[in-house]
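S.K.: Sequence:
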Amino acid sequence: MVLASVLSFTTSYILLETSSWFETVQTLAGHDDCSVQHRAAHLLRNMVLYGEQSLCEYFCRSNMLEVIMSLSQLPNISPEEVIPSDTVTLNPGASEAQLRQLTLADRKKTRDCAVEALRKLQEYGLVQRLATDTSGREEA
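Residue numbers (our numbering): 243 to 382.
Bear in mind the hints are in silico, worked out from the structure with no lab data behind them. Cβ atoms here follow ideal geometry from the backbone N, Cα and C, with glycine treated the same way. A hint or two may mislead.
[What the hints assert, rightly or not] Okay, the calculated beta carbon distance ranges per label pair:
| no. | residue 1 | residue 2 | range |
| --- | --- | --- | --- |
| 1 | ASN305 | SER337 | 33 to 39 Å |
| 2 | ARG371 | PRO334 | 37 to 43 Å |
| 3 | GLN364 | PHE264 | 20 to 26 Å |
| 4 | TYR300 | PRO321 | 35 to 41 Å |
| 5 | GLU294 | GLU338 | 41 to 47 Å |
Can you build the whole structure from these sequences, using the hints too?
M.R.: Take a look at the structure:
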C-alpha cells in the first residue's frame with residue numbers, strides 16, 4: 243500500500259512538472275511500465291485517427307513522430323529481462339508469469355496502436371513507409 247502511494251505521488255509529481263500535454267504524453271510514452279506506454283500509444287493513436295489533420299502535421303514537425311515510431315518498434319520482453327518494478331507495483335499479487343504475460347500483451351498493444359497511427363499519417367501523406375530489402379533492413 244505504501245509503495246502504491248509512493249508510485250502515485252511520484253507519477254503525479256512527474257506529470258505536474260511537465261509544462262504541456264505534449265510533454266505529458268512524451269513522459270508517459272517513455273515510462274518503464276508497459277501498461278503506461280500502452281496508454282500513451284493509445285492516446286497518440288486516438289489523436290491521430292480522430293483529431294484534425296493539422297494536429298498530425300504538428301506531430302510530424304515535432305519529435306512526437308519519433309516517439310510514435312519508437313513505440314511501434316518496441317521489442318518483446320525477453321525471458322531473462324527483469325520486469326520493471328512499476329509493473330510489479332501496479333499489479334499486486336500477480337505471479338512473475340502473469341506479469342510477463344501482461345507485459346507481453348501491453349507491448350503488442352502498444353506497437354499495434356503506434357502502427358495504426360503511422361498508417362493514418364501515411365494516409366495523410368505526411369510520412370512515407372520505407373521499403374525493406376530481402377534481409378529485412380529498411381532502405382529509402
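S.K.: All hints, please: hold or fail.
M.R.: Comparing the hints with the structure gives:
1. ASN305 with SER337: 33 to 39 Å: holds (38 Å)
2. ARG371 with PRO334: 37 to 43 Å: Since the Cβ atoms of ARG371 and PRO334 sit about 42 Å apart, the hinted range of 37 to 43 Å holds.
3. GLN364 with PHE264: 20 to 26 Å: holds (22 Å)
4. TYR300 with PRO321: 35 to 41 Å: holds (40 Å)
5. GLU294 with GLU338: 41 to 47 Å: holds (44 Å)
Checked against the numbered hints above, the structure violates none of them.
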